[in-house]
Each structure stands twice: as C-alpha cells, then as structure tokens.
Amino acid sequence: MALRVWASSTANALRISSASKARLSPAFSLSRCFSTVLDGLKYASSHEWVKHEGAVATIGITDHAQDHLGEVVFVELPEPGGKVSQGGSFGAVESVKATSDVNSPISGEVVEVNSKLTGSPGLINSSPYEEGWMIKVKPSSPSELESLLGPKEYTKFCEEEDAAH
Amino acid sequence: MKVLRSLEVWKMGSINYLNALKLQEKLVSDRKTHKIPDTLLSLQHPPTYTLGKRRTDHNLLIPEPDLQKIGAELHYTQRGGDITFHGPHQAILYPIISLRDVGLGARNYVEKLELTMIELASLYGVRARAGQTGETGVWVGERKIGAIGVRISYGITSHGLAFNIDPDLNYFKHIVPCGIANKEVTSLRKETDSVLPAEEVIHEQLISCFARVLGYSNLIWKENGSILSDSVEN
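Chains Z and E, in that order, give the protein sequences.
Per this note's numbering, the first sequence starts with residue 1, numbered consecutively.
Per this note's numbering, the second sequence starts with residue 1, numbered consecutively.
Keep in mind that a hint or two might mislead.
Said to hold, decoys possible - Partial selection, computed: residues in chain Z whose CB lies under 10 Å from chain E:
(1) 70
(2) 73
(3) 74
(4) 77
(5) 85
(6) 86
(7) 89
(8) 94
(9) 101
(10) 161
What the hints assert, rightly or not - A short list of chain E residues far from chain Z (calculated; beta carbon distances all over 10 Å):
(11) 34
(12) 78
(13) 88
(14) 100
(15) 108
(16) 153
Simulated from the structure, these hints should not be mistaken for lab results.
For glycine and all other residues, C-beta sits at the position ideal for the given N, C-alpha and C.
Using the sequences and the hints, build the whole thing.
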C-alpha cells in the first residue's frame with residue numbers, strides 16, 4: 001500500500017512535468033507503469049471503473065486510460081434517464097484530435113451525469129476517480145459486477161497490455 | 001520473439017466522403033469481430049469540408065448554401081478534431097486498426113500518425129514537426145501540412161490523416177482550419193524544392209511510412225474497384 005502511495009505521488013509529479021512538455025517520451029513510459037489503480041472499485045478491460053455504493057453505481061475512466069488518451073478537451077455524456085448496457089458505449093471523450101468511445105461496465109439506467117465535465121473536461125485527467133466521474137447508474141443486473149476485474153487483475157491487465165508493444 | 005504483423009492496404013483512388021464513411025463503419029465492425037485484419041484505406045476525396053464531433057461549424061466562414069457553388073460538400077462526423085477540407089491532390093489514410101492489439105493509446109497512436117507524415121515530408125527534404133499541445137497535426141514552421149482526426153470505437157480506429165501534396169489551398173480560405181486562426185495551410189508542392197513524382201508514388205510512400213512507423217512487416221495490397229462496390233452495397 002505504501003509503495004503504491006509513493007508510486008502514485010511520483011507519477012503525479014512526473015505527470016505534471018510531462019503534461020507541460022508533451023514530447024518527453026521517457027516521462028511517459030515511467031508514469032504509465034505507475035498508473036493508479038484504486039481498491040474498492042471494479043474495472044472493465046476497456047479501462048472504465050465502477051464504484052458500487054448501494055443503489056447507485058458511479059462510472060468513469062481509469063488513470064491508465066486518461067494517461068493514454070492525453071489531455072481531454074471534450075466530453076460527450078448521455079442524458080439522465082437513458083439506458084446503458086454492459087459493454088455498450090455511453091459517451092465519448094476527445095483528446096489530441098481523437099474521439100474515443102467510453103463503454104459502460106454495467107447495464108442500468110443513467111440517473112446522473114457529471115455536468116462539470118462540460119466546462120472542465122480536464123477533470124478526467126487530473127482526477128479520474130473522483131471529480132472526473134462521468135455517469136451514475138442504477139444497476140439493472142448487479143451480478144454483472146462479478147464479471148468485472150478487481151484491482152489486482154486490472155493492474156496485471158494494464159501491465160500486460162503495455163508490455164505488448 | 002517478433003510477431004509478424006499484417007496490414008491489408010486498400011488503394012482506392014478518389015472516393016465520395018459518405019461512401020468512405022459507410023465503408024469505414026462496416027470495416028470497423030468487421031475488425032471488431034475479427035473478420036478482417038488491420039486494414040488501411042489509401043484514398044482522396046472530391047472537395048469536401050468535414051466537421052468533428054464537437055460540430056464547430058462557427059469555423060466555416062461561408063454560408064452552407066454557397067458550398068455547392070464552389071463545388072464542395074459538407075459532412076458532420078464523429079471523429080475528433082475541428083473543421084477541415086479534403087480535396088484532390090491531398091493524400092488520405094484511414095487506418096482501421098485495433099489499438100489494443102498494437103498496445104497503443106489514443107495519444108501514442110496520434111503521435112505515430114504525425115510521425116508518418118513527418119517521415120514522408122522528409123523524403124522530399126521538408127523538415128516537418130508535430131504540433132504543440134493542442135495543435136495536433138504536422139507543421140512546417142508555422143504552416144500546417146498535415147491534419148489528423150480520429151475516431152476510436154471499441155478500441156478500433158477510423159478516420160485518420162490527410163497530407164497536402166498539392167491541393168488547391170484556396171479552399172482552406174473558407175474555414176478556420178482545425179479551429180486554429182492565423183496559421184497558414186501549406187503543401188508538399190509549396191515546401192519542397194524537389195521535383196514531385198506522380199502522386200501514386202507519393203501515396204505509396206505514405207503507406208510505407210505508416211507501415212514502418214506502426215510496425216507492420218507484412219503488407220497485403222488490394223486495388224480499387226470491385227472491393228469497394230461490394231462493401232458499400234452491403
């Protein structure tokens with residue numbers, strides 16, 4: 001746990017410097033290995049996280065995802081009341097002239113969206129697990145959470161994905 | 001162990017924008033279900049203005065009805081990026097590839113698209129560079145020679161890059177290109193002292209640069225014609 005805290009503050013320090021000098025490749029690869037993965041959340045292999053608290057689940061994209069995207073300049077979110085299905089797209093983020101679909105880890109009804117992201121899309125980069133949350137969903141099949149990755153599995157998944165190239 | 005990575009290259013000539021869009025949607029779906037390998041479309045468009053997901057149509061400086069008068073179409077798309085122009089003598093690549101299979105995120109992928117165009121420019125002695133933060137694209141000095149706009153859906157890319165070989169740059173006067181005001185647009189013709197070969201040669205060089213930068217060791221070439229009409233009709 002202490003190692004992860006150290007790692008993530010180092011990563012934050014690195015990210016601050018790499019954000020201002022976007023072309024420094026060495027800083028990228030170091031911070032990638034130290035992407036933060038939080039306990040208590042479930043993860044999808046498409047790099048979204050879900051936090052299930054009682055009747056509502058909060059969804060966003062992971063630190064690994066925001067790091068690989070670059071600076072988010074635009075976020076497209078659904079309307080509250082809409083439905084999402086597991087693995088289906090619910091919105092998109094734009095960074096570096098690329099729009100990337102964001103997929104829902106679970107099925108359910110959208111009860112709230114983070115309207116702050118319209119004016120401050122960068123919250124996804126600076127606070128992917130907290131202020132950068134994207135939607136809140138009332139899960140229709142809570143058992144879907146079982147099929148998602150836990151923190152350790154997700155960390156391993158990221159490491160394997162990054163090692164592939 | 002080095003894995004042999006294959007890229008299927010479709011050389012398509014000049015294609016209407018909407019047809020190309022429909023084809024890409026089908027190919028993305030096919031790539032997602034592993035029916036096809038990583039695929040690269042190499043083509044041009046007739047005069048066409050396109051907008052990205054943010055629909056920044058305030059950057060179109062002439063009224064939409066006037067577009068027909070100048071022989072151009074306008075299309076709204078789901079790609080990233082701002083408004084741009086596509087036209088004859090501009091080389092376009094639309095890679096339909098699985099980013100997860102190559103282990104790239106959006107940012108790294110876009111950087112490789114920039115590098116592809118930078119390498120092509122260097123073949124003609126033109127020193128191009130990637131844009132600063134917020135100015136994705138390829139520049140020669142303060143003049144833009146290559147544009148990028150990408151869509152990533154389920155980890156599969158579509159749209160891609162556009163490199164100005166020798167398009168009619170007047171068309172760019174009707175927009176704020178890529179939403180960046182006060183910056184010129186340029187072309188390989190304008191920037192190089194070298195004699196340019198036939199455009200087909202430059203298209204193939206662009207494809208080779210892409211394959212090299214993205215690490216594809218095996219290229220499978222498909223020419224135009226029947227492949228396009230089959231796919232679009234479906």
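Against the structure, the hints:
1. 70: Check passed: Cβ of residue 70 of chain Z comes within 4 Å of chain E, closer than 10 Å.
2. 73: 8 Å, holds
3. 74: With Cβ-Cβ at 5 Å, under 10 Å, it holds.
4. 77: 13 Å, violated
5. 85: 13 Å, violated
6. 86: 13 Å, violated
7. 89: 7 Å, holds
8. 94: With Cβ-Cβ at 5 Å, under 10 Å, it holds.
9. 101: 5 Å, holds
10. 161: This interface hint holds because 6 Å falls under the 10 Å limit.
11. 34: Holds, because the least Cβ-Cβ distance between residue 34 of chain E and chain Z comes to about 16 Å, which exceeds 10 Å.
12. 78: Incorrect as stated: the minimum Cβ-Cβ distance to chain Z is 6 Å, not above 10 Å.
13. 88: 23 Å, holds
14. 100: 7 Å, violated
15. 108: Contrary to the label, residue 108 of chain E does not stay out of reach of chain Z, its closest Cβ about 7 Å off (not over 10 Å).
16. 153: About 5 Å separates residue 153 of chain E from the closest Cβ of chain Z, which leaves it inside 10 Å; violated.
Consistency with the previously given hints fails for numbers 4, 5, 6, 12, 14, 15 and 16, ordered from lowest to highest.
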